[in-house]
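Given chain A, put chain B in place with the hints provided.
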Amino acid sequence: MRHLLSINDLDKTKALSILDTALELARISDAPVKKLPTLRGRTIVNLFFEDSTRTRISFEAAAKRLSADVINFSAKGSSVSKGESLKDTAQTLQAMGADAVIIRHSASGAPRWLADSEWIAGSVINAGDGTHEHPTQALLDAFTIRKHLGSSTGDLQGLHVAIVGDILHSRVARSNALLLSMLGAQVTLVAPPTLLPVGVDSWPVKVSYDFDSVLPHVDAVMMLRVQQERMQDFFFPTAREYSHFFGLNRDRMSLMKKSAIIMHPGPMNRGLEITAECADSARSVIVEQVANGVSVRMAVLYLLLAGATQEQGVLQ
Amino acid sequence: MTSSYLLAGGTLADGRKADVLIGNGVIIEVGESIQNSEASLAQRIDVSGCKVLPGLVDLHTHLREPGREESETVHSGSQAAAKGGFTAVSAMANTFPVADTAGVVEQVYRLGQASGLCDVYPVGAVTQGLAGKQLAELGAMAQSAARVRVFSDDGNCVFDPMVMRRALEYVKQFNGVIAQHAQEPSLTQAAQMNEGIVSSKLGLKGWPAVAEEAIIARDVLLADHVKSRLHICHVTTAGGVEIIRWAKARGINVSAEVTPHHLLLTDEMAQSYNPVFKVNPPLRTQTDVMALREGLADGPIDIVATDHAPHPTEDKECEWEHAAFGMIGLETAFSIVQKTMIDSSMMSWEDLVDRLSSAPARIAGYADHGKKVVAGSSAHLTVINPSLSWRVDRDLVASRSRNTPFHGMELPGKVVATFFRGIPTVLNGKLVEAVTGE
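Respectively, the protein sequence lines represent chains A and B.
For what it's worth, my numbering labels the leading residue of the first sequence as 1, then goes sequentially.
For what it's worth, my numbering labels the leading residue of the second sequence as 1001, then goes sequentially.
Derived from the structure by calculation, the hints contain no laboratory data.
Take these hints with a grain of salt, some might be off.
Far from chain A, some chain B residues (derived; all Cβ distances over 12 Å) [unchecked claim]:
#1 N1156
#2 S1389
#3 I1423
When the alpha-carbon atoms are kept at most 30 Å apart in a straight line, the in silico DSSO-like pairs for lysine-lysine are as follows [said to hold, decoys possible]:
#4 B:K1414 x B:K1372
#5 A:K87 x B:K1205
#6 B:K1205 x A:K206
#7 B:K1339 x B:K1371
Please read all numbers here as calculations on a predicted model, not as lab measurements.
C-beta atoms are modelled at their ideal positions from N, C-alpha and C, and glycine is treated no differently.
If we strip away everything but chain A, and leave its shape as in the complex, we get (with noise of 0.2 Å):
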């Protein structure tokens, strides 16, 4: 594997080594010294052409930790509308000698043109690509869920994941029901119709507009962030209603099971899709997720850039 686009690059058995090697990599972030020499030499570039803090320091860490030289290329706005195209940039990161190329981009489809372009001879890892994939989120999300409701097998067998809200603009949800679904996990969609996508039963996934059914049953449910601008395209008649159905409450918390988990994949709109008290009870993962995100994103880089030669023993 020389590039991460989409979670349909991978199959289970590679997903689910991307997560041990997470596993072994997260002991090196609880150790005094937060570092392995495995990248030391190779170059990797951040290119982000929409802001991401977040995403982009998770990636540093996570290339730091292995030692890696890390640029950050910030390219805010369109390529177009900085006058600079994809190629040109892409062309100059390739002359600077950059063996791995994070992508994130407002346009769907950005990473994998990159990829398939003769423009860089690296690796391209997805970090966001418009309305399409973002796979190490779901990743980290599956290591997430794993770590906290995991079975001993590796897989996510027999567990329910509810992914509520935008599910139309989110990329979050596009890699996470195909990779959840991938692990054994049965994933059911909570949103209002016009905020799920035509061809979504095409998906392999459930679908629901009401939440108070799913609750119940599910053992995690994700919250996605909701942009408040949406109702101005009439996906949603107010801010109210949309909190209303789709809001994560201390009512709805309280439908959960005990051992449900409550993730979201930041940034939040506290009182929009979640409460402070969701967001901040005991059951919130949400923290973790993003401690989870720099071990998962380690494991990406290594498996790609150093892991060709040595798919086991990781830490050898």
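Chain B alone, transformed into the frame defined by chain A:
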């Protein structure tokens, strides 16, 4: 003028073997083994194994001049047309400036005549600046040297129903036709590809079939109400075909076109995020493709039109969402139709001549084109070798742009020769230098 030619040993669309003798711009004689003094003086071209057909006529071509000459000019587009077997093309109005005045349409018309490789008939804009607000001077364009009869805001939909009604009414005075780009704009804001299973996976904003079908339905009803003539550009959906079938059964005066790419390609092509497959209207599903083929074979869809849309490399070598819509198509149109309609036995060669030559000429009123290959017709001819296949190479196109979605594809049927007004513009599959050196 020494320009007489004997096309010897070919077959006509109806399957009859016949030699075709042309001279002074017209067909002099059609018959088996022509042997007379005129024939003996003519340059003899062996076309055995080939079909000798009327020159192809395109009702939907973007030639980009004036204003976007880096992607195409009237001359380079005419070269691409000739290479594709066309003897008449219709230059769409979305140039810079827009072809919404007599001055611009006459300029385009004259550039076509100067190039001399095919007739270039300008399409006039329906509304000023293609903005959909106020009618352009349709009468002045109709009366100009370009004698415009086809009007279209193509690229934009004439979305305001009152503007569309008035346009349909107004063009009746000179037997014009409104060619509608059927796309309800509020349903397609920032849309990127067909809305369905593939768009849901790719996270590209969906372009629902209903955005096309709603306008087709509205406009056939308007055309019925004001008893005018409507043409639907590039139909792409099974539902659109059904509405047009219904309208025709009611006697509504509507015609419709399908593009070669919509006869062959589906929205699955977007999986690559390669913007060469980004086109307006978008590629649809296999179900739609099959409905379009059936519609073309059995009546609802009258013609194939290329929607040849050249774009410079930089507008296609970028992120899908930032890329321009459109594909070039003049040089591959015939082969795609042979592949999808003839080789699949859905249509006969006579049907193909109807859909690619006589019907478009009739709809647009190009009286000199689309005529049967008989003595007395203007010598606009296309010679096709249906058993030769060829590989599409974007680096070898005559168009100034390389945005063909068929690059690398092996296609059946080769345009061996094209004659425009009795003069070869293409011989042995190659542009004839003498006429092309502008």
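The hints, checked one at a time:
no.: 1; hint: N1156; in the structure: 21 Å, holds
no.: 2; hint: S1389; in the structure: 28 Å, holds
no.: 3; hint: I1423; in the structure: 43 Å, holds
no.: 4; hint: B:K1414 x B:K1372; in the structure: 21 Å, holds
no.: 5; hint: A:K87 x B:K1205; in the structure: 23 Å, holds
no.: 6; hint: B:K1205 x A:K206; in the structure: 22 Å, holds
no.: 7; hint: B:K1339 x B:K1371; in the structure: 24 Å, holds
In the structure shown, no violation is registered for any of the earlier numbered hints.
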